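Novice: Chains as they are written, first to last, in the working numbering: chain B, 62 to 416; chain W, 62 to 416.
Any given hint could be a false lead.
For identical chains, the list gives no copy identity; a pair is met inside one copy or between any two copies.
[To be verified] When the alpha-carbon atoms are kept at most 25 angstroms apart in a straight line, the in silico DMTMM-like pairs for lysine to aspartate or glutamate are as follows:
1) K198 with E355
2) K198 with E342
3) K198 with D181
4) K327 with E343
5) K198 with D325
6) K401 with E355
7) K198 with D176
8) K198 with D322
9) K198 with D105
10) K327 with E279
By construction, these hints were calculated from the structure, which means they are not laboratory data.
The model shown is predicted, which means the values in this text are computed figures rather than measured ones.
Protein chains: 2
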Amino acid sequence: MLVAAAKAVNQRGPNVAVIVSLDSDRDKGRGPSLARINALVADDLRRVNELIMLRMESPVSLIAQVAGHIIAAGGKRLRPMLTLASARLCDYHGARHLALAACVEFIHTATLLHDDVVDDSALRRGSATANAVWGNKPSVLVGDFLFARAFQLMVEDGSLRVLEILSNASAVIAEGEVKQLITANNTETSETAYLDVIKAKTATLFAAACRIGAVIAERPQTQEEALDCYGLNLGIAFQLVDDALDYSASQAQLGKTVGDDFRDGKITLPVVLAYRRGNEEERAFWRRTLQDLEQREGDLDHALELMRRHGALDDTVERARHYGAIARDALGIFPNGAAKQALVDVIDFSIARGY
Amino acid sequence: MLVAAAKAVNQRGPNVAVIVSLDSDRDKGRGPSLARINALVADDLRRVNELIMLRMESPVSLIAQVAGHIIAAGGKRLRPMLTLASARLCDYHGARHLALAACVEFIHTATLLHDDVVDDSALRRGSATANAVWGNKPSVLVGDFLFARAFQLMVEDGSLRVLEILSNASAVIAEGEVKQLITANNTETSETAYLDVIKAKTATLFAAACRIGAVIAERPQTQEEALDCYGLNLGIAFQLVDDALDYSASQAQLGKTVGDDFRDGKITLPVVLAYRRGNEEERAFWRRTLQDLEQREGDLDHALELMRRHGALDDTVERARHYGAIARDALGIFPNGAAKQALVDVIDFSIARGY
Numbered sequence: 062m063l064v065a066a067a068k069a070v071n072q073r074g075p076n077v078a079v080i081v082s083l084d085s086d087r088d089k090g091r092g093p094s095l096a097r098i099n100a101l102v103a104d105d106l107r108r109v110n111e112l113i114m115l116r117m118e119s120p121v122s123l124i125a126q127v128a129g130h131i132i133a134a135g136g137k138r139l140r141p142m143l144t145l146a147s148a149r150l151c152d153y154h155g156a157r158h159l160a161l162a163a164c165v166e167f168i169h170t171a172t173l174l175h176d177d178v179v180d181d182s183a184l185r186r187g188s189a190t191a192n193a194v195w196g197n198k199p200s201v202l203v204g205d206f207l208f209a210r211a212f213q214l215m216v217e218d219g220s221l222r223v224l225e226i227l228s229n230a231s232a233v234i235a236e237g238e239v240k241q242l243i244t245a246n247n248t249e250t251s252e253t254a255y256l257d258v259i260k261a262k263t264a265t266l267f268a269a270a271c272r273i274g275a276v277i278a279e280r281p282q283t284q285e286e287a288l289d290c291y292g293l294n295l296g297i298a299f300q301l302v303d304d305a306l307d308y309s310a311s312q313a314q315l316g317k318t319v320g321d322d323f324r325d326g327k328i329t330l331p332v333v334l335a336y337r338r339g340n341e342e343e344r345a346f347w348r349r350t351l352q353d354l355e356q357r358e359g360d361l362d363h364a365l366e367l368m369r370r371h372g373a374l375d376d377t378v379e380r381a382r383h384y385g386a387i388a389r390d391a392l393g394i395f396p397n398g399a400a401k402q403a404l405v406d407v408i409d410f411s412i413a414r415g416y
Numbered sequence: 062m063l064v065a066a067a068k069a070v071n072q073r074g075p076n077v078a079v080i081v082s083l084d085s086d087r088d089k090g091r092g093p094s095l096a097r098i099n100a101l102v103a104d105d106l107r108r109v110n111e112l113i114m115l116r117m118e119s120p121v122s123l124i125a126q127v128a129g130h131i132i133a134a135g136g137k138r139l140r141p142m143l144t145l146a147s148a149r150l151c152d153y154h155g156a157r158h159l160a161l162a163a164c165v166e167f168i169h170t171a172t173l174l175h176d177d178v179v180d181d182s183a184l185r186r187g188s189a190t191a192n193a194v195w196g197n198k199p200s201v202l203v204g205d206f207l208f209a210r211a212f213q214l215m216v217e218d219g220s221l222r223v224l225e226i227l228s229n230a231s232a233v234i235a236e237g238e239v240k241q242l243i244t245a246n247n248t249e250t251s252e253t254a255y256l257d258v259i260k261a262k263t264a265t266l267f268a269a270a271c272r273i274g275a276v277i278a279e280r281p282q283t284q285e286e287a288l289d290c291y292g293l294n295l296g297i298a299f300q301l302v303d304d305a306l307d308y309s310a311s312q313a314q315l316g317k318t319v320g321d322d323f324r325d326g327k328i329t330l331p332v333v334l335a336y337r338r339g340n341e342e343e344r345a346f347w348r349r350t351l352q353d354l355e356q357r358e359g360d361l362d363h364a365l366e367l368m369r370r371h372g373a374l375d376d377t378v379e380r381a382r383h384y385g386a387i388a389r390d391a392l393g394i395f396p397n398g399a400a401k402q403a404l405v406d407v408i409d410f411s412i413a414r415g416y
């Protein structure tokens, strides 16, 4: 459960709360984890990481510095792992999945660099963002470089089908980001409009990352589509939980601050639900804090209280469970085995983060 | 000749000078012009413009607004015209050059949007920049969209060779932009370092735009390379003259303000030459104004005076003439005719702007 024993910590600013999780299953390592997919793709992922380091090099040393900063900061490499595991699921024997997994990570990293500029973010995964360290300019330009480099890698691979999938995904991601700009700070945003945004900006790349595994294994269209469907719905579930985590306990464990989205006035599903379920006074609170960005001491705590009152976080995770179930069923046409189990684990892990 | 009868115009800020050109050849329409290339590709260019309008559409209306703003603001469409004229030179009969010319313009437009963010520019071609109208965020994201859209167009075209040329160009452009960031405000920048930057950030796309004409016409490697060489050297000449124009009379005629580069502390060839040819007092002036960006009333006029004293603008145009000559010779292997003459005119026009 999302437990919100919130406590304002003044030295981190008025609206930074630390929430203590009462659930300790994950702490003891008993919850769903990425252990099986990690084991499945470990060798491949090592080679992908080498490729990433090799191909982000440039005679212009600032590029490798900025790219290295965000790539080394790491993250889970979830998207390239999905390409690797999908290729494995499709019984692919070759080496093309390595460069294409790197390619997916480059596109992801390029969008992160630009996202941080657009959001004016100072922290990502607990470290200073590239724009905080070097300013916005290198972040914009190194993002462009990584994007171009991703296309160079695809051209080397030589599949027009892969190029089609990832250029389409890139256009959709950019559209989603712009759509998010427009809906930003609008508390009237509907759940559908919110879903459209996260489908475009997050789930589309998950879908593409998975689909590529079937493409290079030359699997029939139905299997390509099944992996696309798995990735898309996993991506939606993943983002929903991410948005819940921004208001929750587990976030603090991940080295992130709680309430970043609140401070930015971002409209995510927890807010959409709390706003729609709230009374007029509560809606006025959401409008003041998120639309007008007039935030005072204690506002984040009050937001957390409203979310608990209306079950907004639990129900966001419940919605994620719905998309997770679709993702699981999408894999039904594939034979059982280690690869399939690993991909199912990713769904379970993505959702369990919200507990 | 670059004539610098500079006069400070106070209501436009301390460092906005208007320079009166004593040369009136161009005013009377007798100088080199783009008339012949315009006539050569007029029908094709109309179709390219239609394609550009059609393909910048998106369900997210802000994208078409931002893209439309910068694309409609126009410019000469020089890069797509080069693709069209190069295809004509190679006796290409087909329709692929149209989409690829649009593609080149999309890449160019994406870099302009990002450039204006990186440079904090408020004006482009006499109109407000997209970032001035909508802020930096849409400019970054719509730039990403146009870049992705360019790759979608290439994928539809289906040539891996074209994808290779333009993904390589895109990576080199981004590298050049980052390199420019690093050399920015460094008055010690060498002419070679400056050339490396403009080769990457400007000339590479000119080269790619021209090379594509030979690729789709399936011409031998030597002709591909000849067009690449023409485009690269034309691009260098074009940028050199652009940099001279920023300090010159003709600029005011083009609806641009004089001295933008000076106010931004950009190190371009006119500055590189004036700095290297100046005495210690002069160098201190350049360091104060461009390195430390401490600019006072009358500084731009003084900068113009120093450039005239050392022939920095004339010699920048002289250098441009050198690259123009290389571009002209590169075309030597092609038969004479309307297409070749049109491409030669582009060289002459690019350089004559500096008079």
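Novice: How do K198 and D325 come out at 25 angstroms by Cα distance, when the copy is not named: within, between, both, or neither?
Specialist: both (21 angstroms within a copy, 14 angstroms between copies)
Novice: Cα distance capped at 25 angstroms. Does K401 pair with E355 within a copy, between copies, both, or neither?
Specialist: neither (48 angstroms within a copy, 63 angstroms between copies)
Novice: At most 25 angstroms between C-alpha atoms: does K198 with E355 qualify within a copy, between copies, both, or neither?
Specialist: For K198 and E355, only the inter-copy Cα distance (21 angstroms) is at most 25 angstroms; the intra-copy one is 29 angstroms.
Novice: Can you give me the call for K327 and E343, within, between, both or neither, at a CA distance of at most 25 angstroms?
Specialist: Result: close within a single copy only, 17 angstroms intra versus 52 angstroms inter.
Novice: Within, between, both or neither: how does the pair K198, D105 come out at a Cα-Cα threshold of 25 angstroms?
Specialist: neither (34 angstroms within a copy, 36 angstroms between copies)
Novice: Using 25 angstroms as the alpha carbon limit, work out where K198 and D181 are close: within a copy, between copies, both or neither.
Specialist: both (12 angstroms within a copy, 10 angstroms between copies)
Novice: At most 25 angstroms between alpha carbons: which applies to K198 and D322, within, between, both or neither?
Specialist: Answer is both: 24 angstroms inside a copy and 17 angstroms across each meet the 25 angstroms cutoff.
Novice: Within, between, both or neither: how does the pair K198, D176 come out at a Cα-Cα threshold of 25 angstroms?
Specialist: Answer is both: 13 angstroms inside a copy and 9 angstroms across each meet the 25 angstroms cutoff.
Novice: As a check of your reading, is K327 near E279 (CA-CA no more than 25 angstroms) within one copy, between copies, both or neither?
Specialist: Neither. Shortest intra-copy (41 angstroms) and inter-copy (51 angstroms) distances fail the 25 angstroms Cα cut-off.
Novice: Can you tell me if K198 and E342 fall within 25 angstroms by alpha carbon in one copy, between copies, both or neither?
Specialist: neither (42 angstroms within a copy, 32 angstroms between copies)
Checked against the numbered hints given earlier, the structure breaks hints 2, 6, 9 and 10 and satisfies all the rest.
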